Amino acid sequence: MNLLKQKMIQQLLEDWKLDKNRNKSIVHVHTTDEKKAKYASFPENMHLSIKKALVKKGVEKLYVHQRQAFDSAMSGKSYTTITPTASGKSLCYHLPVLQSILDDPTSRAIYLFPTKALAQDQKSDLEQLIENSEEEILSYTYDGDTEPGIRQKVRKSGHIVLTNPDMLHSGILPHHTKWVSLFENLKFIVIDEIHTYKGVFGSHVAHVIRRLKRICAFYGSNPQFICTSATIKNPKELAETLTNESHELIDENGAPAGKKHFVFYNPPIVHPVFNVRRSAILEVRDIAQELYVNGIQTIVFAKSRVRVEMLVTYLQALVSKKINDQSIRGYRGGYLPSERRSIEKGLRDGVIRTVVSTNALELGVDIGQLQACIMTGYPGNIASVWQQAGRAGRRQDEALIIYVAQSTALDQYVVNHPSYFLGQSPEEVRIHPDNMIILMDHLKCAAFELPFTAVDSYAEFSVQELLEFLESEGVLLKTVDKWHWMSESFPASNISLRSASQENVVIIDMSVPTKTRVIGEMDQYSAMTLLHEEAIYLHQGTQFQVETLDWEEKKAFVREVDVDYFTDANIAIELKVLSEDKAGDAKIGTLQYGDIIVLAQPTIFKKIKFDTHDNIGSGKIHLPPVELHTSSTWFCFDKPGDWTDTLLSDAMTGVAYALHAFIPLFIHCDAKDIHVVPQVKSIAGEKPTFYIYDSYPGGIGLSERMFDLWNELVPKVSEQVESCPCSSGCPACIGAQDATLNLKIEVIKLLHYLQVKENVL
Amino acid sequence: MSYEKKLMQMKGLVKKEVAKEQPTKEIKEDKLPFYTESWEAAGLKLIKNEHGFLFVKETFYDEQHIHGNVALHKLQKAITFMQQNYPEHPLTITPESAFCFYDTETTGLKGAGVLIFLNGVLKKVDNGFLLTQHVLADPGQEAAFLFATDFWRVSQTMLTYNGKSFDLPQLESRWTMNRKTIPPLKQHRQIDLMHSSKRVWKGDMERFKLKQVEEEKLAFVRKNDIPGHLAPIIYFDALKHGNPTNLMKILTHNEWDILSLAALYILTVELLSDKEVVESATTYTNIGKWFQDLKTTETSVDWFRFVVDHFENEEVSLAYYFLGIHLKRNKLVDESLHAFRESLKEIIGKYRVEVYIELAKLFEHQQKDFDAALEMTQECIEYVDSASNMLSKAKEMAVKKQLQKRKERIIRKRNISWETAQLNKKRVLLP
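Chains as they are written, first to last, in my numbering: chain L, 232 to 992; chain A, 189 to 619.
Only chain A is shown next, with the shape it has when bound in the complex (with noise of 0.2 Å):
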């Protein structure tokens, strides 16, 4: 029988009321589910306190413990040199407060009645890290499994992956449902990793999914992993049938998601710490440009000499780029020519394009050698029609107009100084 069909045979059941006044008592039992047994059997510990209860699993690891190819013993001293060395950057956990990484599971993507049912959290703690699982006991008791954990109490930098744009504001807005019985929630600061991620590893990878960063930069693989996008079935129908096998994988998948946090939080500021070959030019340049972007220009002019003295051909290209914009920027002439042209030997794309255009404006304004200038922007011109789809439609219009317009310009002052040097050779010659 169709949906409607159905619907049209309840029409009975409608009934209309006049407006009263509904008594909204609290009701307040502790009834416990009819698969508490069987959870506990698997592992989880039912926990009670003033809200209500929720269901949690601890794991401990050692000092020792190694996830992929990162030893997590070495956190402290990531965090140290960040604080040390970089007190203002985006991944530094500030000495001040507590922190922790932090991963969700949740029974959609979006919308007030999309549930969190599993906050996972690793914190430090003597001698080694605990991981701490909460596990939403069913949807009504959503005020105890948040009133668990300490967001509202302690305000804290929360280390996530894609973060700010879904666990953050997830958690928001369950607060906000549960506003009449929770205390508020707390400011966080956050660091999202998925972020500094894509600024390190940007064309060195393809796909930034947490999988494809365990794959190839923490030589990660997960076994008999559940995918997160069957979560919310998987959660619903534990509730339902009080199973809770595959429930446990998906406190297994939050657990590595979490492990792989800690991890990559190490392998970056690793990279950020020693310069030593260990990635693609690619990543380095990167960094260079991340510190750029962040005004530590000094930091970043060494990161890009780092890439032009270990790195050849067209993997350094970039990195001369940029230097040559930093050294022009500070009046070095001659070293900031001698960089694009480095640059210009193998640089591809919408970078040759900057590097033409760079070298053009310095030979006019700066060398006023009108000839070489020219020939900078016809060469432009020509890479720009011949490399078709490179910009797009209305960048490649601009250029092509920006650079007609210098091309005549230049021609105006090749004419003019040509004039002028007829006229002063004439002066010279009129006594």
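Same shape as in the complex, but just chain L (with noise of 0.2 Å):
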């Protein structure tokens, strides 16, 4: 059976060289080739009965990276792996937490993993192996789901705790009395998959941490920690910034790995003037159709939710007429636990032969071994790539990976310079806990937990004064020597890890009436653009209309339908200064950072037809705006002489999606991260202006780095727009643009025109 399978991946390779149209769009192979294990043996002081559990798993030595853990566990060290997936990290933490427990049966651990769904999973994994040991260690999963009844026996007895950041946030820290003899004894603390806890979601976890460790010191215990990464530039760094502790990073991967091949796949151009290619979703769908009729089990990688539903849909054309049929499916944020049950065991059973997700997979979920991967577009980051792509082959199995680009500029950029994910370090994964509303929320927490001396630091920050502004806000009081928590709200409660927007919108499906039922959730700020009144929401690769958007209660009722298409819409964006922090002068203008004011509001949505994609129609959105204070770099310039305020507008948008596309590559960010708004005469200084500004409230360092960087960033983007073999602009440098504008040569001219080399900003 193994031996048909490998031959199959390699007959569809040679198969794809002789197909003329295949092989034109096949920019690159890249093959790399079997690692060998390699293996260290059994500490000699390990307990016997975890030796015998791992003998019974079938393990009979460890690999050189577990044994590297356990002993620096041992030593008493705080320490980092990164480990690609199915490389056996998890023992990298089991083994010294339960030999700390059968060494002294009152040691506690916590383990904390991104979400619910993968403690749970990991419940599993450790219980086999406490079982296998035949000792008394008590593991439970603490959160939302945990019955009440348990709960005493969790917080009392329970050896490991596997929770989540946002658990351990509003659900333990908050009630660290009830939790006594865990914080007493707490030996270990486990972060699993760190790389996840970037931006402001790590920058929150990095104070939950901080929290938790404070609590830690007034019990008396000091735990260790226990990191494990994906394969990132800077885990040592991120581990460091995300615990306040020093790390020891061990990065030696003894695990061995099959065979890969690595597809660079670039669909046709159809229409050469607009150097516009093929969709690369329908290109993803034919070969995913390919694969799926060779019998590869499959993983497609789409970006977004739409896009992942968009595939299910066309995939599932396939098995249309088979009555209930599984093989094909979707997985996404958003399905109910059950469902995500379910198709997890239908990937490892085989059952589901093809599954489109999105990186909602890329994740320890287990799902088992699975041939083949497709990337619809490039993930935005190349951590996110050896994730994705270490979900196909991860038993040492022969893999085929296949990245499909898209025709924008960054996905352009990769697939004609494949060393930029081959040969380059993968990104680094930036927090930045100093971002002050962050600090000042769990400040607050942190403060309810226990009360602050008037000596007393916070982590790295000193926040005597901080606590006098709390004080002044009327939350604190301070005594003597003390700041006292004098408010009767629950600030925990107050913050979501998540998001800037703490409460999600709940998706009611309302087609038959009486039986309502709730198919899913989605975030505020991606529910302003898919979830408003009118728009097709798709779940399961079932289309349904929002009927009713209840902002005020976060409810939207929705209505199956079958129609020929989707829905997009159109955000527009207001801008304010709040503060100007550093300035740098130009001959023609002014570079300068500070903190702004973004008011976003949802004015129109498309539709759009499947296949053509063609515009079908429009309406407007009414939904009241959100605010976002965040940080900022902003270019504000004179205005060339002799432009008319509509050129310059168009000329200026063309710029603001070429800085746009390119910043991800300077700076290591997702695209998401960051964004480019051009302004014809700004609010402030009537000039035209170019805002970089960060998506996150209180920003994460992104658009700082703009300010240091501006000087490099502009030739560069000119040199890639001006390399674009396209004549007018197309989705890959500037945009899309109507030829005969000529655009292109404009947007040059300006680009031009911001390069202020001689000047010292």
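These aren't lab readings, by the way, just hints derived from the structure by calculation.
If you're wondering where the values come from, they're calculated on a predicted model, not measured in any experiment.
Careful: at least some of the hints might be erroneous.
Derived lysine to aspartate or glutamate pairs resembling EDC-like cross-links, with alpha carbons at most 20 Å apart [stated by the list, open to error]:
(1) A:K298 to L:E378
(2) A:K368 to L:E415
(3) L:K387 to A:E360
(4) L:K746 to A:E584
(5) A:K204 to L:E378
(6) L:K282 to L:D302
(7) L:K840 to L:D517
(8) A:K595 to A:E567
(9) L:K709 to A:E443
(10) A:K203 to L:E471
(11) A:K194 to L:E858
(12) A:K203 to L:D687
(13) A:K204 to L:E696
(14) L:K409 to L:D356
(15) A:K194 to L:D665
(16) A:K397 to A:D425
(17) L:K851 to L:D816
To give a feel for the contact side, a few chain L residues facing chain A, derived at Cβ under 7 Å [as the list claims (entries may be wrong)]:
(18) H406
(19) T408
(20) I668
(21) H715
(22) I839
Glycine included, each C-beta is placed from N, C-alpha and C at the ideal position.
Please dock the two separately framed chains into a single complex, following the hints provided.
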């Protein structure tokens, strides 16, 4: 069976080389060879029952990284391991934790997973190990699903508590007096998949960890940290920022890997003048169909929920004649847990042959071994590429990974520069615990949990002035030597770790009036553009039309429909400058950095036909604006004399498009983390201005780096636009344009004008 | 200016520092708060102990004090009655330990940041009762405030209203927060009078807020009471501005709560001890049910008999049901049949379903009267169909399935018994 599979992947590649059409689209194939395992013996001092459990599991020796982890733990160090998917990374923490509990049964450990689902998944793995060891070790998940009846038991006697940062934040830390035996005896804090703690979420989690450490100190414990991460550039730095503790890095991977074929695929040009390529989605559909027909179990990654649903709809046409066929499924956040569990099981059992997923399946959810992986477009960062690619050929099998480029500038750059993610080191993951709003949020929570003294600092921050501010806001009260919480409110419940807006919109299906049911949920920001009234919402390939969006109550009522279009919404942006912190003068203008307010409001939506992607109608969206306070770098310049406002406006839009497309390449962030907005007459200075701002409240340091990189950015962008093969602008450089305007030349002119090398900013 | 704007302007204030050990010296200054005099003038007394200071108010009630319509002097009699008659009952205050009535006021509902600012304790003393109310002088004086109670010295029985899930967990939490300073909290036995009230008046009262119990059962009506949910704001305000007027109203609120606890205890025990008709049949049936759940069967049967002897019509139907169950357990088939039949006359709701099923069982298994068993089952099916929303959907499905099975089985049995009868007839005829 195995032989047959491998042959099929090879055969397929051979066939594609001979197929003229396909071969034209294959830009590059990169094959990595099989890698042999590197082993180490079991540590001598490891308890016999743990050895026994490992042997029962079929593990006769450890991989080198697992052994190194065990030894570091025993010497009392905090450490971070970077290991790809399926390299036995969970043993890097299970072993020392179990060892510590067998050494001293009062020992406790907390495992933190990014989601509830992952914690529940990892629990079965851990339970099996404990069962095989035949020791009395109690492990529990503690989350919103935990039965009230056993909560008491978890608090008092759970050796290992598996939870998530949100639960720690609002369910455990504010109630620490109920967890005395845990906090008194906490030996290890395990944080799995730390690369997922980035941006604003990661910054929140960094504070949750700081609060956790503060509580531990109160109860006299000083736990060690064990972190695991996917391959990123700065795992040690990230772990240290996250935990405010120095870490040892374990990056030698002893696990074996199978042969992998990495195919760079660029859809054919269908309109040479406009440099328009065939839609990546349609191309992915065709490739996925081919793999499906050949019986190759495949995971398809798409970047958005809408795309996942579109692809599922397309692919399910393959099996539409079979009754109740479950072999092609979608998977993404917003599905109910039971639905997700059944999909995961279907993948492991092999019943599901093709799954289309958002990045939800990048993480350590156990879905077993798949043979092929298709990425619809560049996932936005290299770490994700490797996580997604790791889904194929997990267990030493030959694997096929196909990257299908979209027509965006970033994708076109990547597909034509395979070395960008084959050769280059993956990006940094940045968090910014200094973000004022996030810091203040957690300072409140910390003050609620344990009063600060008049000389206390909070982690690395000296906070006495901030505490004074909170007193002036009426939240704290200062007595002789301490700051006391003096408010009726429970601060953790007003602070969501996941996004600026805390409450999700619940999606309710009312197709059958007597049987209304909840089919999913969505964050507010996405809901503005995906769940407005008349939007077509796709769920497991079924189309629903949003009938009513109750914004106050955060409920969207949908009804099943069957139409041949999807919807796409526009957002209007208004900007106000709050403060100017840094400035640099150039001959033609000023570059500034500071804080701004962004008002975002969805305006209209378009109905777009499937397959042809024609615009077939539009409508207005009536929703209140969402406010964002963030940091920004903006360049305000004198209007070049001979330009009309209209022309300038069009050219600036093109420049903004190009800037936005290339910024992620310079500072390694997701395109959605940063925005570029052009204004012909800015509200502040009446002059043409480009604003570059962070997508998160308070900013996470991205636009601040653009202040330093402005002089490098503009020439590079200019170069890219000039070298683009299109004649008058295309999605790969300045966005699609009307050919008669010949805007590309104007954009290049403006980019040259903006180059201010001679001036020191 | 919005909160976010203010924060943005404070960016410059955040300084990072290299982690250095802070000298955690205990600043022990006995600087009295600025409002000491005005609080004292309002009737609070400042007291000091080795951990600082707190305010206290003591109120004495003589033996003759009456709260609502309950005379407090009857407390001793009530305690003795329970000790002598029901030593194992959850309402019994054990003779070997001290007891108190206890109620707190707090600055919020949940979490480690919520303070208790008022501990009210009522104790029996010579010639009367003494209410001691400790007031947290300021949040920095918590250790002194907790240390002033005797909860760390003496293990005792604490009588509360909803204390099991609120006051006591709060107290434990506050103790944990001060664990470095004060001796550990002793284990205390709890009697939660909200639980006993629910046992006794379930179905008789709709809500079990202490206020409802006071008005309906103790004939005590509060005048100018401050609602408990305002307590946090009032306490914060008293700290900030020093004015104790509203704070003293909270003390009164707490005083009423605690006096009601004592009165409620007396009233509840009286209901358990005197078989007199002062309450509804529901209440007495509840009391019987309570004793039944506590496995004191004889007492519970006495109560059910009391109900059927002193009330009539629909009031007695539930007691008859419980009697029927009891008689059936004691294999008194005819008597239990009678009781269930009496019950069936008026009983409604899910208990009616139970009565039908019990009757069907007795007819089927004991009397072998399959026609009667079938009739009961059929009527039950029709009743379940007619009364929608009486049972949860899942329960309704289960019951219907069970009834259908019973019906089929009875029909089968009836047919077999009919055939056997025929056969026997033949056999008799044969020779």
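Evaluation of the provided hints:
A threshold of 20 Å between alpha carbons decides the hint, and for K298 (chain A) with E378 (chain L) the separation of about 19 Å falls inside it, so the pair holds. With a C-alpha separation of about 13 Å, the suggested pair K368 (chain A) and E415 (chain L) falls inside the 20 Å cut-off, and the hint holds. With a C-alpha separation of about 14 Å, the suggested pair K387 (chain L) and E360 (chain A) falls inside the 20 Å cut-off, and the hint holds. Taking the CA atoms of K746 (chain L) and E584 (chain A), the gap is near 18 Å; set against the 20 Å cutoff, the hint holds.
About 42 Å separates the Cα atoms of K204 (chain A) and E378 (chain L), which puts this hinted pair outside 20 Å; it is violated. Distance hint between K282 (chain L) and D302 (chain L) is fulfilled; the C-alpha atoms sit about 15 Å from each other, no more than 20 Å. Proposed proximity of K840 (chain L) and D517 (chain L) is supported: the alpha carbons are some 19 Å apart, at most 20 Å. Between K595 (chain A) and E567 (chain A), the direct Cα distance comes to roughly 11 Å. Compliance with the 20 Å bound is thereby established for this hinted pair.
Taking the CA atoms of K709 (chain L) and E443 (chain A), the gap is about 30 Å. The hint is violated against a cut of 20 Å. Of the supplied pair hints, the one linking K203 (chain A) and E471 (chain L) holds, its CA atoms being roughly 19 Å apart against a limit of 20 Å. Between K194 (chain A) and E858 (chain L), the direct Cα distance comes to roughly 15 Å. Compliance with the 20 Å bound is thereby established for this hinted pair. For the proposed pair K203 (chain A) and D687 (chain L), the alpha carbon gap of about 13 Å is at most 20 Å, so the pair holds.
Taking the CA atoms of K204 (chain A) and E696 (chain L), the gap is near 12 Å; set against the 20 Å cutoff, the hint holds. Annotation: proposed proximity of K409 (chain L) to D356 (chain L) is violated, straight-line Cα distance about 28 Å (limit 20 Å). Taking the CA atoms of K194 (chain A) and D665 (chain L), the gap is near 16 Å; set against the 20 Å cutoff, the hint holds. Pair hint K397 (chain A) plus D425 (chain A) does not hold up; C-alpha atoms about 26 Å apart against a cutoff of 20 Å.
At roughly 42 Å between alpha-carbon atoms, K851 (chain L) and D816 (chain L) are farther apart than 20 Å, so this suggested pair is violated. The interface hint given for H406 (chain L) holds, since its Cβ lies 6 Å from the closest Cβ of chain A, which is under the 7 Å cut-off. Hint on T408 (chain L) holds. Least Cβ distance to chain A is approximately 4 Å, under the 7 Å limit. Restraint check, I668 (chain L) versus chain A: the minimum CB separation of about 6 Å is within 7 Å; hint holds.
Interface hint status for H715 (chain L): upheld, as the beta-carbon distance to the closest one in chain A is roughly 4 Å, under 7 Å. Below 7 Å, beta-carbon pairs count as interface contacts, and I839 (chain L) has none with chain A, the closest being about 36 Å; its hint is therefore violated.
Comparing the model with each numbered hint stated earlier shows that hints 5, 9, 14, 16, 17, 22 do not hold.
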